[in-house]
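With chain A held as given, fit chain B onto it using these hints.
Line by line, the protein sequences give chains A and B.
The numbering used here applies: residue 5 is where the first sequence begins, and numbers increase by one.
The numbering used here applies: residue 5 is where the second sequence begins, and numbers increase by one.
Hints in this document: simulated from the structure, not taken from any laboratory.
Since the list gives no way to pick one copy over another, a pair counts as held whenever it fits inside one copy or between any two copies.
Computed list of lysine-lysine pairs in BS3-like fashion (alpha-carbon distance at most 30 Å, straight line):
(1) K185 x K328
(2) K58 x K301
(3) K88 x K58
(4) K114 x K81
(5) K321 x K301
(6) K26 x K48
(7) K48 x K261
(8) K185 x K199
(9) K170 x K209
(10) K185 x K321
(11) K301 x K328
Please read these numbers as outputs of a predicted model, since none were measured by experiment.
Number of protein chains: 2
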Amino acid sequence: MTIRIGIFGYGNLGRGVENAIKQNPDTQLVAVFTRRDPQSLTIKSDVPVVSADKVADWQDKIDVMILCGGSATDLPKQTPELAKLFNVIDSFDTHAKIPEHFEAVDSAAKASGKLGLISIGWDPGLFSLNRLYANAILPNGKDYTFWGKGVSQGHSDAVRRIEGVKNAKQYTIPVPEALEKVRAGLDPELTTRQKHLRECFVVAKEGADKAEIETAIKTMPNYFADYDTIVHFIDEETFNRDHSGIAHGGFVIRSGKTGANLENKHIIEYSLKLDSNPEFTASALVAYARAAVRLNKEGKVGCMTAFDVAPAYLSPKSGAELRKELL
Amino acid sequence: MTIRIGIFGYGNLGRGVENAIKQNPDTQLVAVFTRRDPQSLTIKSDVPVVSADKVADWQDKIDVMILCGGSATDLPKQTPELAKLFNVIDSFDTHAKIPEHFEAVDSAAKASGKLGLISIGWDPGLFSLNRLYANAILPNGKDYTFWGKGVSQGHSDAVRRIEGVKNAKQYTIPVPEALEKVRAGLDPELTTRQKHLRECFVVAKEGADKAEIETAIKTMPNYFADYDTIVHFIDEETFNRDHSGIAHGGFVIRSGKTGANLENKHIIEYSLKLDSNPEFTASALVAYARAAVRLNKEGKVGCMTAFDVAPAYLSPKSGAELRKELL
Chain A
5 MTIRIGIFGY GNLGRGVENA IKQNPDTQLV AVFTRRDPQS LTIKSDVPVV
55 SADKVADWQD KIDVMILCGG SATDLPKQTP ELAKLFNVID SFDTHAKIPE
105 HFEAVDSAAK ASGKLGLISI GWDPGLFSLN RLYANAILPN GKDYTFWGKG
155 VSQGHSDAVR RIEGVKNAKQ YTIPVPEALE KVRAGLDPEL TTRQKHLREC
205 FVVAKEGADK AEIETAIKTM PNYFADYDTI VHFIDEETFN RDHSGIAHGG
255 FVIRSGKTGA NLENKHIIEY SLKLDSNPEF TASALVAYAR AAVRLNKEGK
305 VGCMTAFDVA PAYLSPKSGA ELRKELL
Chain B
5 MTIRIGIFGY GNLGRGVENA IKQNPDTQLV AVFTRRDPQS LTIKSDVPVV
55 SADKVADWQD KIDVMILCGG SATDLPKQTP ELAKLFNVID SFDTHAKIPE
105 HFEAVDSAAK ASGKLGLISI GWDPGLFSLN RLYANAILPN GKDYTFWGKG
155 VSQGHSDAVR RIEGVKNAKQ YTIPVPEALE KVRAGLDPEL TTRQKHLREC
205 FVVAKEGADK AEIETAIKTM PNYFADYDTI VHFIDEETFN RDHSGIAHGG
255 FVIRSGKTGA NLENKHIIEY SLKLDSNPEF TASALVAYAR AAVRLNKEGK
305 VGCMTAFDVA PAYLSPKSGA ELRKELL
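Isolated chain A, as found in the complex (with noise of 0.2 Å):
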């Protein structure tokens, strides 16, 4: 069976989703879809671009839709809206707004016999398997969260937006003091400073007064204030050079204690190093596409999040083949 894929939106993400189309060989690309001028979009694959409002129209031509726009303010609108057409996934990150997102996802494919799959990815997505699969194991234990080193998008732009900044990227960073301790298994308590720095790249604007600029970004409430930050001015073309790159990453790890008396101490570690972190979204997200296209045939309809899909169904091989070659 070939699974038909739609994608809408044609971000870094859908480009992503596009690519990793290609490097499995039962998924198959169908349309893309774009709120844009389709005539405006060029897109490496040949199959149609597509207008946003003609979707409905794919509804029999597309198994699963993977929806590609951002957490703000697109996808809280266009997963409940798609969901009731389509089997759709997507990788809605805003933490706090997930139960909310869940339940508006819920409604809609119950509704239609769908399924919808939310907050595939890794953080939410392999992270927070990560930390459920952990914390069942290891009732008795601490969480560390760490992400890093990698390019943080939202704290680049608020620095962008400081006057005299023509460009900056912001890098997130684990003190490595911190996971050093956290994985000696010494439980640290570690306050936000402690956990992770901030390292600036700016290019300033002629003329700009560098030093205020940096008074600015050390002291901006909630993105920096609370971390030690550091600041590098560099000229474009080394900013050019060197910091165009979308890498992300980070570890999760818990520290738990089994025994009679507490006396066992063990330490469980995941941890991602990724070029592109909308790539290796986009990776996820076409093996989890899979899943929502077999839960579905079985007859499951509603919201899920990957808590909720047995691993098996992400990988094209048979329960057998997996046994044998993985287990």
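Relative to chain A, chain B alone:
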């Protein structure tokens, strides 16, 4: 709902399960079953110790039986046999014989309307899960599993069988350079020798020829001949003081590529550092015992592995709690 658990077999693993049950307030130990004389067994919990041949009397009092025997001869017989009476769960770890074991448990459990969960633990188990997730998300990549640093019971036994050896312990150790190359995304081809070191601590009998023992170890086929092996002779006091632990652990790493021209590299790493191998396995068994009971209540029968269990079933928390707290 309290999950009523029976322990079948009371060695290191059975004692680990007994401890793990105490950490999970929704689980309760009901009885310990043994093939020894029940009178001869002292357990820590205030529950009956029952002769294995009376197990059928307990069918209505136990929701799930956790089998704690060995994979060589106990589990291939016991798991299918007990699946006629109970939901069962085991840590069967003879990788090559998993398909056969699966079939035996599957037909027994289907006939009785029970659920059997096999090969639960860390390898097979959590390591397998991580291989599956990582393979599904990065189809274009390479898998690496490293074991250790940890005690290999089988290799320790092999050394103890050599003439002149009074006691011995063998540690399997990942070669640090190999691990670093894999983490750096260099995708090395590694021979057996390049992946793991073997380190032996040996107490020789009085008058034994140590050089002969060392040669016998290092040239032993299958066990040591293909590895770089380090042999230390130590006295009994040092042995008892420093080498009585049963620590283990290891690393599962997948290195994969994405992008139109496979230009982006991603590293997924999962690792465990365990003070007590049997206690950690026991903790996994108890979490999956919860899942087995829930799945059977939903009507699932036959054999399953960790691949077939949606993560949410492992946790005592509700779906809404999990989405709020861990997603």
